[in-house]
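**Student:** Spelled out from the first residue to the last, the chains are:
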Amino acid sequence: MTTTTATDPAALGELLDRTRAGREFGANVYSTLDVLQVLYDRVLRITPETIDDPDRDRFLLSKGHAVAGYYALLAAKGFIPVAWLDDQGGPESRLGDHPDRLLVPGVEIGSGSLGHGLGLGVGTALGLRAQGRLTPRVYVLLGDAELDEGSNHEAIAYAGATGLAGLTGIVLDNRSASHGWPGGAASRFTVNGWTAATVDGRDHEALHTALTGHDNHRPHVVVAVVTDEE
Amino acid sequence: MRETFVTTATALLDDPRTTIVLADISAAAFAPAALRHPDRVINVGIREQLMVGVAGGLALTGQRPIVHSYAPFLVERAYEQIKLDLDHQGVGAVLVSVGASYDRAAAGRTHLSPADVALIDTLRDWTVHVPGHRDEVPGLLRAMVCGRDSAYLRLSTQGNARPYPHAGDLRVLRDAGPGAPLLVAVGPLLDAALAAVAELPVTVAYTHRPRPFDTAGLRALAGTEVILVEPYLAGTSARVVGDALADRPHRLRTLGVGRDDLRRYGSAEDHSRWHGLDAAGLRRSIDEFLAAVPASA
Numbered sequence: 001m002t003t004t005t006a007t008d009p010a011a012l013g014e015l016l017d018r019t020r021a022g023r024e025f026g027a028n029v030y031s032t033l034d035v036l037q038v039l040y041d042r043v044l045r046i047t048p049e050t051i052d053d054p055d056r057d058r059f060l061l062s063k064g065h066a067v068a069g070y071y072a073l074l075a076a077k078g079f080i081p082v083a084w085l086d087d088q089g090g091p092e093s094r095l096g097d098h099p100d101r102l103l104v105p106g107v108e109i110g111s112g113s114l115g116h117g118l119g120l121g122v123g124t125a126l127g128l129r130a131q132g133r134l135t136p137r138v139y140v141l142l143g144d145a146e147l148d149e150g151s152n153h154e155a156i157a158y159a160g161a162t163g164l165a166g167l168t169g170i171v172l173d174n175r176s177a178s179h180g181w182p183g184g185a186a187s188r189f190t191v192n193g194w195t196a197a198t199v200d201g202r203d204h205e206a207l208h209t210a211l212t213g214h215d216n217h218r219p220h221v222v223v224a225v226v227t228d229e230e
Numbered sequence: 001m002r003e004t005f006v007t008t009a010t011a012l013l014d015d016p017r018t019t020i021v022l023a024d025i026s027a028a029a030f031a032p033a034a035l036r037h038p039d040r041v042i043n044v045g046i047r048e049q050l051m052v053g054v055a056g057g058l059a060l061t062g063q064r065p066i067v068h069s070y071a072p073f074l075v076e077r078a079y080e081q082i083k084l085d086l087d088h089q090g091v092g093a094v095l096v097s098v099g100a101s102y103d104r105a106a107a108g109r110t111h112l113s114p115a116d117v118a119l120i121d122t123l124r125d126w127t128v129h130v131p132g133h134r135d136e137v138p139g140l141l142r143a144m145v146c147g148r149d150s151a152y153l154r155l156s157t158q159g160n161a162r163p164y165p166h167a168g169d170l171r172v173l174r175d176a177g178p179g180a181p182l183l184v185a186v187g188p189l190l191d192a193a194l195a196a197v198a199e200l201p202v203t204v205a206y207t208h209r210p211r212p213f214d215t216a217g218l219r220a221l222a223g224t225e226v227i228l229v230e231p232y233l234a235g236t237s238a239r240v241v242g243d244a245l246a247d248r249p250h251r252l253r254t255l256g257v258g259r260d261d262l263r264r265y266g267s268a269e270d271h272s273r274w275h276g277l278d279a280a281g282l283r284r285s286i287d288e289f290l291a292a293v294p295a296s297a
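Chain order of the listed sequences is A and B.
For what it's worth, the UniProt record's numbering labels the leading residue of the first sequence as 1, then goes sequentially.
For what it's worth, the UniProt record's numbering labels the leading residue of the second sequence as 1, then goes sequentially.
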């Protein structure tokens with residue numbers, strides 16, 4: 001379901017530059033932008049007016065260091081004032097190098113320490129199910145290096161074994177895991193009973209198809225591959 | 001206490017917010033409840049990080065999680081999840097442990113958790129309940145689950161002969177008069193403490209709520225000598241007592257479980273004796289402490 005108008009890439013770039021304030025960003029910031037745009041433009045049922053609606057979709061940014069693009073997108077969509085971007089990380093700023101849900105409207109979890117988002121996402125999906133809320137979906141974005149954390153594998157195994165249908169994992173795969181994931185990140189999910197799609201992380205149509213490809217019976221994972229050479 | 005917890009928690013499932021999260025420990029005891037409430041009695045398997053993460057996610061949707069396991073697996077193994085998935089997200093949960101410091105002494109170090117309350121005490125605004133009798137459990141658990149903040153309930157197979165309900169604030173069980181040394185006993189160690197000072201002019205107060213500690217009651221009761229008897233790591237509440245009495249000269253002796261890994265099995269009673277927490281051991285420490293009182297006092 002499309003909830004807002006498409007984000008203008010040029011405008012988003014300007015907002016990102018505004019956040020950047022001359023600093024060099026790592027690949028993890030840019031590699032996340034496309035999937036964030038597709039999510040907020042075309043997938044997530046959430047607007048600045050519905051950030052407290054219990055029936056909203058949840059987007060949990062588990063790789064909290066990929067925050068600059070996230071802030072730029074939240075500003076582009078009207079969740080936070082654009083002016084907040086100017087002093088990101090400053091002593092009076094609400095926008096840290098990792099996001100804090102108590103400081104930033106629209107942010108569902110405070111993250112930064114890797115390996116916490118998927119467990120929180122599983123709990124969120126269970127809570128929604130216990131309340132009979134079958135409409136909202138829970139999306140958790142993590143990185144391929146973050147997948148190293150064992151806590152993720154507790155969540156992957158449990159969600160798969162119990163068929164936690166309301167959960168979508170997104171692995172931003174920029175090949176940054178120290179020892180890699182031979183056979184692909186998706187296989188770690190599918191062996192546990194998830195459905196999976198591995199797509200080009202810059203291809204918006206492919207991302208959209210993958211992000212809406214859940215079967216409503218099993219948890220779903222989208223592996224968005226973004227290599228630095230691109 | 002565990003059976004009382006299971007019965008009370010099961011009854012609390014009548015509230016649609018209540019959600020019990022387990023990691024296999026006590027799952028069989030909760031099986032009848034799980035049959036009736038499959039979406040609100042959740043056993044994640046032997047996955048303690050996930051257990052606490054799930055509690056955080058549940059709380060984010062407005063559910064009230066009761067999270068339960070052995071003390072070392074609940075508090076120590078997933079400490080960062082407690083810090084971040086609950087506190088940092090601004091949500092609360094009720095943590096309920098069994099095992100205490102050495103209930104299963106024969107199981108060895110892996111199942112001993114004397115440091116749990118000290119670890120929880122690194123966090124802000126947690127309520128900690130350490131009941132001394134199974135009949136103290138239902139009221140404490142109900143109050144915790146009805147709240148919104150985080151709370152830790154530490155259950156034990158050790159306990160006192162009779163319950164003392166409503167002992168969140170210090171409850172005086174033996175009054176030795178103004179200026180007498182004050183002994184504060186926490187939870188299951190009350191009976192041993194009472195026996196230890198039976199022949200001494202010592203005031204004894206009991207609490208099953210070490211956090212927030214009743215500092216007003218402490219200030220009202222304390223003279224110069226204060227003795228803390230806690231069933232977990234010795235000195236856990238020294239900071240609180242020191243802060244509460246910072247404006248007056250006082251002497252404090254903290255008695256509790258030592259830091260050594262004894263590498264010994266035996267029974268809980270054996271460990272109480274080895275840590276000097278039986279009546280005779282407490283008496284030795286208290287005599288030594290009070291012998292140092294200046295003659296003018």
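Hints are computed from structural coordinates only; laboratory data are not their basis.
Virtual Cβ for every residue (Gly too), placed ideally from N, Cα, C.
Hints are supplied without guarantee of correctness; some may be wrong.
Examples of chain B residues lying across from chain A (beta carbon under 10 Å, computed) [said to hold, decoys possible]: (1) V21; (2) Q49; (3) H111.
**Student:** Which numbered conditions among the earlier hints are violated in the structure presented, ordered from lowest to highest?
**Tutor:** 3
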